[in-house]
Amino acid sequence: MFEPADNQYVVSRPIYSEDAFKAHHEKVHRYHKTFVDHLRVFFGCSPEKAKRIAFTFFPIASWLPMYRFKEWLLNDIVSGISTGLIAVLQGLAFALLVNVTPGYGLYAAFFPVIIYFFFGTSKHISVGPFPVLSLMVGTAVLRLVPDDTNNNSTDITALNEARVNVAASVTVLAGIFQLALGLLQVGFIVIYLSDALISGFTTAAAIHVLVSQLKFILGLTVKSYSGPLSLFYTLKDIFTQITDTNIADLVTSIIIMVVVFAVKEINDRFKAKIPVPIPIEVIMTVIATGVSYAFNFKDIYKVDVVGTLTSGFQAPQAPDIKVFESCVGDGFSIGIVGFAVAFSVAKVYSIKHDYVINGNQELVAFGLSNIFGGCFRGFAAATSLSRSAVQESTGGKTQIAGLLSAIIVMIVILALGFLLEPLQKSVLGALVVINLKGMLMQFNEIPHLFRKDKYDCLVWVVTFLAAVLLGLDLGLAAGVGFELLTVVFRAQFPKCTQLANVGGNNIYKNRKDYKEIYEPQGVKIFRCPSPIFFANIDFFRDKIIAAVEVNPIRVLRKRNKALRKIKKLLKKGEIQITTKGLICTSYDYTESEEELDNNSIEELDQPINKNELPVNIDWNADLPNNISVPKVDFHSLIVDFGAVSFLDMSGMNGLKAILKEFIKIEVNVYLAGVDEHLLDKLERCGFFDETVQTSIVFLSVHDVVLHVLVKRNQDNLSKIDKVMEKETGFYSDEKNERMKSKDITVPSTSF
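In the working numbering, the protein residues as written are 1295 to 2045.
Bear in mind the hints are in silico, worked out from the structure with no lab data behind them. Where is the CB? At the ideal position from N, CA and C, for every residue including glycine. Some hints could be false.
[Said to hold, decoys possible] Just the calculated beta-carbon pair ranges, DEER-fashion: (1) ARG1784 <-> ASP1648: 32 to 38 angstroms; (2) LYS1806 <-> ALA1951: 56 to 62 angstroms; (3) LEU1333 <-> GLU1813: 32 to 38 angstroms.
[Stated by the list, open to error] Straight-line C-alpha distance at most 25 angstroms; calculated DMTMM-like pairs for lysine to aspartate or glutamate: (4) LYS1789 <-> GLU1843; (5) LYS1954 <-> GLU1970; (6) LYS1789 <-> ASP1489; (7) LYS1321 <-> ASP1969.
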């Protein structure tokens, strides 16, 4: 190899087929582990493995001993207090989405954080209630415990207890699913939820959350609905009762939303200059609580307030098995969505701060958190994007900040809860709505996705519409189903191309994309950028036929009919044989489409040995007696396998049939760039035989093109020698010289 003045490398090497390459380069034998070997490693025991398992299941043991108290403690304290105050408010607010009394939201903001502190691997996410999960739990709650039209206080208390029981049981079930998936090491299941799907789903969930909070913002008593079209039923009831809006609730909500939105914008715009974001939610909540208490909003304006918050913790309770039986789908979808959202947020911060998170351990951590929280009457927890942003932006370094935020929630539960009793529920509803800004802004992704990837755009739109129309549980299932369907479509209908040489070197690109291309005469190069399997093998065949503009089966049948007719005409003496080929004497024969179709397909697909005839037939020349045969203007077909990742048996059989069809019409077929593992599979499955041989497989497209050019050159020289031998009676010296050197080396950078 050398480097010319223009910095272009030129490499001279032999033309390599797979057989030739194996002959020149001995392959190293490698031992491939069997299933027994993997079992032996999995069940083996050693001190190193025991230590690794202990650190995996108890991550706190790896980072807590290395905690830098002087450098990190103050930051974690500030972060923990800021996050804890927001967690209190969001716990109260998101409890409204679950359709339980607000006090139970504090349990959901406390217990999961404690468990995640010991078992989680992320240092920055804030574990606790998340609006989408809260709404999904609330959907299950409404389905099993619908609203009671009676206003009896005893009935209301029993209704609340039943709803708390359902919410806690669904949470435990979701935690069991998460724990099981984590222990089975199948955290990869989250890969089936693409970014487009999660974005569309969370946007639809934000719409559901927004509609569910309108009744609190407007101060209306609206029946809760669940199931398909529940969103529209709720909107119908709201607009029906819109004239009964509580003006005090509406004005308070508008003031809260405007002020919080404005200050949040200031926090975002000047976050580089403000060391700690202004805790506007806490400030406005304190002001709203004080104003409501001072002016007695509950009695004067008949507003709905938080009411009595139970002081202290309640005894744990076992989940209801009957709820398990009715909410299997809800539990699974809640577990998967909760983990997907939390893992995606954790991954962002792990990349930003350069540490590793373990997906399977995250499943275990959230599974235990939800099981433990559900047993103590909490509801499903994941991570809130806004809380996590506060915890990270205020300087939080580890989950010590999360532990301190849980302590703030505990103080409210034990001692300060009574101070929040005068707080209007409309204030909580307004805080929920204003925190939906990030999710609602995801509508801006639609035009970007449409320009970048229309399939992802379709996934976003379909998931969004399905979740809005069918509800969150069925909508998620529909979105995942459609997403998997798009994967099938992408593989089933790939964008196949016909390649040509660009620049006169070893680079081959789509012939339609470049002006200056080189196409060897009689050579067609076809590329399929997709696996070849049962669903797309017919599409693959159709694309090859469309690219080369020749249907090999039709050509073969035409040729067979022509051969049979020629034999008959020769016997009758109606065709004469000369040195120029076949000459018609009297018979005029025109082949019709009906005559072709009436022949037996099996008979026509078996070629007649044309060597039985006393003349070689050039099928591309004009045949006598108007015998019409489709012309094939190429002699070599190269199929680029560089982007084919796998073949199943149906695809393998179909590919072999396609190659044989072209071989029958005297077209040389080649496979280029076949992956080594794929080639091994072809050999194991008996793909190669006397017709389709291993010699058709080459290392690259360029190797095949050079091989074809050399072979055609040799064939042309051989034809010249035959003519010279026939006319002179002896071989030429040039032929003797050429016969001496059969191994021809051609530079790979030129033709």
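Structure-based check of each hint:
Between ARG1784 and ASP1648 the beta carbons are some 34 angstroms apart, a value that agrees with the proposed interval 32 to 38 angstroms. LYS1806 and ALA1951 have their C-beta atoms about 28 angstroms apart, which leaves the hinted 56 to 62 angstroms range violated. For LEU1333 paired with GLU1813, a C-beta distance near 54 angstroms fails the hint of 32 to 38 angstroms. Restraint check: the Cα-Cα separation between LYS1789 and GLU1843 comes to about 17 angstroms, which is no more than 25 angstroms; the hinted pair holds.
Between LYS1954 and GLU1970 the alpha-carbon distance is near 23 angstroms, which keeps this suggested pair within the 25 angstroms criterion. A hinted pair counts as satisfied when its Cα atoms are at most 25 angstroms apart, and LYS1789 with ASP1489 qualifies at roughly 24 angstroms. Between LYS1321 and ASP1969 the CA atoms are separated by roughly 15 angstroms; this keeps the pair inside 25 angstroms, and the hint holds.
Of the hints listed earlier, those the structure fails to meet are numbers 2, 3, in rising order.
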